[in-house]
Each structure stands twice: as C-alpha cells, then as structure tokens.
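Take these sequences, add in the hints, and give me the full structure.
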Amino acid sequence: MVKVKYLLIGLMMVVIGCVIVITVFPREEKRVKKQFHLLSEWVSKSPEENALTMLQKMKNIGSLFDAHCELKVPDHSLSGTYTREEISTYAGSARSQASQLDLKFYDFDIAFPEKGVAKVTLTARLTGRSTAGEQTDDTRELECVLKKIENKWLFSQIEVVEVLKK
Amino acid sequence: MTVHHKIRKFFFPSLTPKFLIRVSLIALFAYLFFGYLCIPFTIQGISMEPTYHHGGVNFCWRLHYLFSEPKRHDVVTVRFAGSKVMLLKRVVAREGEQVEFRDGELFVDGKEIEEPYVRYPCDWNLPPRQVEENHIYVVGDNRNMPIENHHFGQASKSRIMGVPLW
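Which chain is which? The protein sequence lines are A and B, in order.
Our numbering runs 14 ahead of the 1-based position in the first sequence.
Our numbering runs 189 ahead of the 1-based position in the second sequence.
No lab work stands behind these hints, which were simulated from the structure alone.
Model, not experiment: these values are computed from the prediction.
For every residue, glycine included, the Cβ atom is placed at its ideal position computed from N, Cα and C.
Treat the hints loosely; a few may be bogus.
As the list claims (entries may be wrong) - Covered, in the sense of this in silico footprint (three residues per stretch, anywhere, with C-beta under 8 Å from a C-beta of chain A), are these stretches of chain B: (1) 266 to 274; (2) 343 to 350.
Claimed, not checked - Below, simulated DSSO-like cross-link-like pairs (lysine-lysine); rule was C-alpha separation at most 30 Å, straight line: (3) Lys273/B - Lys161/A; (4) Lys48/A - Lys300/B; (5) Lys129/A - Lys44/A; (6) Lys273/B - Lys179/A; (7) Lys47/A - Lys19/A.
As the list claims (entries may be wrong) - Sample of chain A residues lacking proximity to chain B, with all beta carbon distances greater than 10 Å (derived): (8) Asn64; (9) Leu69; (10) Val177.
Structural data, given as structure tokens:
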C-alpha cells in the first residue's frame, strides 16, 4: 500500500514537471503559432476601436515582420519586397477602410526545413464590413516563411496559394 | 426495478470498467467518423444559392470518390490548407475539356450545357480555357454577381474532399 502511494506521488510529480517545462519553455511550434495569433488580434478591428488603439495596433503589426518581407498577394496588387514600415502603413490604410474586421487562421501545418526557419501553410479567413457598409468575406490559403531573428519569429515571406485558377 | 430507478440508472450509470470501455469506444468512433469521414460543416455565403442556403448545416462525405471520379454537375467540397474551411462548388468540366461562358451560358468543348440548377440571371463572359491534367473546373450555382466577385476556377483533384450528404 505504501509503495503504491509513493508510486502515485512520483507519477504526479512527473506530470507536474512536464506541465511546468511545457509552460515555461514552449515548443517552437507554439511560438510560431503565437505570432499568427498576434497578427490576427492586431489586424482585427471592432466598431468601437479608437484612434489611439488603431495607431498602437498599426505599430504592433510592423513589429511582427522582418526588416524586409516578401509579399505575393496578386489580388491586392502586392508583389515584391516591403519594409515593415510599408507593411504597417498598408495595413493601417486597409484597416481604415473597414469599420469591422476579423482575421482568423485555421489548419496550421508547420515545418522547420532548417534551423531558424519555419514554413507554415494555413487557411486565412478575413470577414468584416467596410465603412460603406459592404460585407467582406475572403478566404485564402497562405504559405508563410518565418525566420527566427533575435529569438523572435518574424514573417519574412507571405504568399497566397491559388486554389482555384480561373 | 422501479421506473424511477431505471431512469436514474440511465442518466447516472455506475462507472464499471465495462461501461467505461464502451463509452471510450463510442467516443473514439465518433471522433474518427465525424473528424475524418463525415465532417460536419455550416454553409457561409451565397455562392451556391438557391441549391444551398447561407447558414445551412451539412456533412462532407469523404469516401464518395474512393472508387470513382468527380462527374459534371456533382457538388463537391474543395479544401484550402485543411478541412476546417472548404469551398462548396459544382463541377462543370473535367480534365482536358474546354470551358467557356457566353452571355451567362456554359459551353464545354464548344457545346452548350444545360444547367437547371442555375436559377438567377447571369451575364458572364469568359474566353475558352482548357482544364489542366488532374484538375476539375468548379463554379457556384449563384452567378448573379459580377464574374470578378465569384470564386471559381480549376482546382486540383487532390483538393476535392468529398460531397455534401444532401
């Protein structure tokens, strides 16, 4: 009986240890996903958002990108290399045309082809309403490359995958 | 055993090993069946009106094309990066065929195709294009919108997830 008691205590300690290790030292995959969650949070916009929050979010969006990021979004005439300031400005101007925005990411497939590089394939869905009152609903498959720079995962490439070719 | 006792036993069964095994098996079966074979989804958007309405609930049956190929007029689900977000579209042409729209009418290999499911007026014009190998051409039933605003085109067969159950 005493042995079983010690065995259970030992097992519980192992489980608690594992939880602590996972919480304190999150896996790289989780840290990559967190960048997408931040991007989603900062791109999304509620109708009550004030100018101060908008400016802060614009600044925050830029901090998620590498100094130079390659974008391939033909539908929005974005093709080439952009600085994080240019991306911030573009995001700000796009957000100002919407009264409400909600960006969500689904079906993450994360691979690490080499050290410090993450390749992520996922589905992005942007819904919302323009300032003119028109509904927006756009879903795209994205291929993103993130690079680990100064211990932070930053977007260095975003490409829209053509699922349906007209 | 009284009725009251039977009802109580039904809602609060005793947690015997046999009962726990049965519950685990049912949960595992439901997870596999509804997660991989018969995926529930809600329809969002009007691109398949009037056949499928916004807000409708359906299931994607994944085994439909296990031993067959998508045929013209089949309604299929097309995946993005995974199965969480899919497109619901109708197959209008298969690989090697030539698709064209003339004043809203569908032409495949130069022959006009009758589409009884298209109920709303359409004025689309699309020059002829060949469907690539291992691809199918999909379009929504609701073509009562500018051609630029409708998400359609050729998709790789590997992106076909299945068919809606009804």
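Task: Hint check, failures only - done: 4, 7, 10
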